[in-house]
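Participant: Starting from the structure of chain H, add chain X where the hints point.
In order, the protein sequence lines correspond to chains H and X. Going by the working numbering, 260 is the number at position 259 of the first sequence; the sequence numbering is gapless. Going by the working numbering, 123 is the number at position 122 of the second sequence; the sequence numbering is gapless.
Honestly, the hints are just simulated from the structure, not real lab data. Wrong hints could be hidden among the right ones.
Copies of one chain are not kept apart here, so a pair can be met inside one copy or by any two copies together.
[Claimed, not checked] Taking lysine to aspartate or glutamate pairs in the EDC-like style, the calculated list, with each CA pair at most 20 Å apart, reads:
{"id": "1", "residue 1": "Lys117", "residue 2": "Asp106"}
{"id": "2", "residue 1": "Lys323", "residue 2": "Asp298"}
{"id": "3", "residue 1": "Lys323", "residue 2": "Asp121"}
{"id": "4", "residue 1": "Lys364", "residue 2": "Glu228"}
{"id": "5", "residue 1": "Lys288", "residue 2": "Asp298"}
{"id": "6", "residue 1": "Lys323", "residue 2": "Glu73"}
Protein chains: 2
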Amino acid sequence: MLLPFSVSAVDRGSRARSGLITTAHGAVRTPAFMAVGTRATVTGLDPADLLAVGAQVLLANTYHLLLRPGPELFRRVGGIHAFMGWSGPVLTDSGGYQIFSLAADRTLSERGAHFKSYVDQRVHLLSPERSIEIQSAIGADIMMVLDECVDSRSDEAMTRAAMERTHRWALRSLAARTNPAQALFAIVQGGVHPTLRRESAAFLTAHPFDGFALGGLAVGDTRAEREDITQASTEWLPSARPRYLMGVGTPPDLLHAMLAGIDMFDCVLPTHLAWQGTAFTSTGRVKVSRGSCAAADVPLDLSCTCATCQRFTRAYLHHLFKCSEPLGPRLLSIHNLHHYLTLMAEARAAIEAGSYAAYAAAKLEAIDRHEHSGRRFKLGGVAVE
Amino acid sequence: MLLPFSVSAVDRGSRARSGLITTAHGAVRTPAFMAVGTRATVTGLDPADLLAVGAQVLLANTYHLLLRPGPELFRRVGGIHAFMGWSGPVLTDSGGYQIFSLAADRTLSERGAHFKSYVDQRVHLLSPERSIEIQSAIGADIMMVLDECVDSRSDEAMTRAAMERTHRWALRSLAARTNPAQALFAIVQGGVHPTLRRESAAFLTAHPFDGFALGGLAVGDTRAEREDITQASTEWLPSARPRYLMGVGTPPDLLHAMLAGIDMFDCVLPTHLAWQGTAFTSTGRVKVSRGSCAAADVPLDLSCTCATCQRFTRAYLHHLFKCSEPLGPRLLSIHNLHHYLTLMAEARAAIEAGSYAAYAAAKLEAIDRHEHSGRRFKLGGVAVE
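So that you can see chain H by itself, here it is in the shape it has in the complex:
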């Protein structure tokens, strides 16, 4: 069964499109940014916070949830939705990225990857079949195939070998799916080589996957390489299926990728930077622990409607970070996710209005101006960086 996906609007000046993905846990309006909840929690936030910032879909991780709390628990409680109190759609990554990022902790073969658990030192096999079995137990609305990702600077032979294994694993994943209500996305590999990417897209789109992801980007490639591959790949992927760019990225990355026709994103950046004390704002990034925030009696972003900006000043956030108080990163996570999700909502509205290309150009110009000006300017009478 294919995931119902409808494209409702396409922008005149670009391949940007908005649409609707229907799942058992509700519909997702695309383009959509997924909040990253690797271990069945978006760090420091609870499901009510996620609803408040406008999150539609959560991304969880098969590898980490295999180790803790383990698939047995998910089977017993009826899946991740009941477990973590999130009633919206959930997408699970397959563990393929951990085969790449935790290379020192695993041995890889055609069968799959053997990992030594960081929880209890037991050895676990993560094969395409096992990954689907775990994702089924987790109760993901959208599952990902297990893939082999390589550093973008790998040579073509190595990149091809990983891509071909990814294809064989994709077919094994498809064969292993038992619950047709759980969608399954394939992952296009091929590094920064357009010929490989094209071959990968051609191979995978010949099979009944519900959506197609671009994997193996933001792993050693330049921004230009990433944009070129994204731009080219969407041409080779069917417009009747969602296109998901994995692990990318900054607001400019998202704006470019939507221009190319990407429907789905995930990235740890908004929450990760929040825990480091950095906020995204309409006038550039703000590091709240900087001295310039110590007496700033203004919100992070005067134009932001999030719960943090409505109630707290930069001076208070500065104080919380200086005291290492966990309310600080929590309030910044709420703000940063709201910032990303507002960007996506604006993008959808622009696409529906047929003006995405113009919207993206103006937005990119503003971000570039704020982030690279090096100038200090006045906000509410207070100088800020």
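Facilitator: Leaving out everything else, chain X in the frame of chain H:
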């Protein structure tokens, strides 16, 4: 100006009473438990969370707020209420407890205590006058006099010397107050010596303080000593003024102290234990990281109405703590504060109904049974400790 305080009900079988303290930021129904927000934040919670659990008053700390963010900032933003977004009453401790607990970092004289700042190594004088000046800047609804606290095992001569200095400092604090809208409480000292406590109460109640606290308890004394001193001291304090037992304690401590007529409490225990993974429940304390919680598909407390128990299971909380995810301590803090504040609400209702002594006896018996039974029992079909 004295703080308006009215006693509305007294229990037949004990000195327990309920009443109302009126401040510029709203009324406080007593007996009241204050949430501890030392550094202008209750760790991990925001003001909306505090309202949701039923907190009425926050306790902040003059010493810590002097060092960071400093009184200048409070003057500029108009006080702690605007700074942290809390619109209810705030009580500030004077820094007297830090003279005791940070003895290695200060030198003490009749003038006050010189502290070396842990923020910037600068030396600060905390004198009775300076403490009042800072508490005025913070905008506390209720200020505390600077006092000298000694270990309860100190000899009588040393305890007397600290008590007499506390008296002199109390009068200097009273003279230093400039804003009559800010209430000022004196602190009774005298260790575990009833004669000194009586002398201290007699001295301080001869002056126009708005309320009276019992200080110097839970600093080396036994529970029996603490209860005896509390019981006796309330007799020597005027019933027309609030009586505040500082830094105490467990639910049984609170139940005993209310029986003796105490109106106000503060204690870090509910939030401190939450960050260590321990929850207070109606069937005893629960350490959520224990293996017995790993598969417990039940809330922390089946009879609890807090936002945590309404939405999350012990198994999920166990998972969060095992993953060191900050949502865990946050959810437990909400639960533990709700547990304490529900206890206080029940106590007030029992006092109003004239049945506090019976309520406290039954509650103490139940807590004793659950915490000291050593038995494991079944809750919702799942064995729990």
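Participant: State for each hint whether it applies.
Facilitator: So, going through the hints one by one against the coordinates:
Taking the shortest alpha-carbon separations for Lys117 and Asp106, only the intra-copy value of 6 Å comes in at or below 20 Å, while the best inter-copy value is 47 Å. With identical chains, the CA atoms of Lys323 and Asp298 are at most 20 Å apart within one copy only, with a shortest distance of 16 Å there and 38 Å across copies. In this assembly of identical chains, Lys323 and Asp121 lie within 20 Å of each other by CA distance solely across copies; the values are 12 Å between and 36 Å within a copy. When the C-alpha separation of Lys364 and Glu228 is checked against a cutoff of 20 Å, the pair qualifies only within one copy, where the shortest distance is 17 Å, while the shortest distance between copies is 66 Å.
Only within a single protomer do Lys288 and Asp298 lie at most 20 Å apart by alpha-carbon distance; the minimum there is 15 Å, versus 41 Å between protomers. In this homomeric assembly, Lys323 and Glu73 come within 20 Å of each other (Cα to Cα) only across copies, at 17 Å, whereas the closest approach inside a single copy is 42 Å.
The structure is consistent with each of the numbered hints, conforming to all of them.
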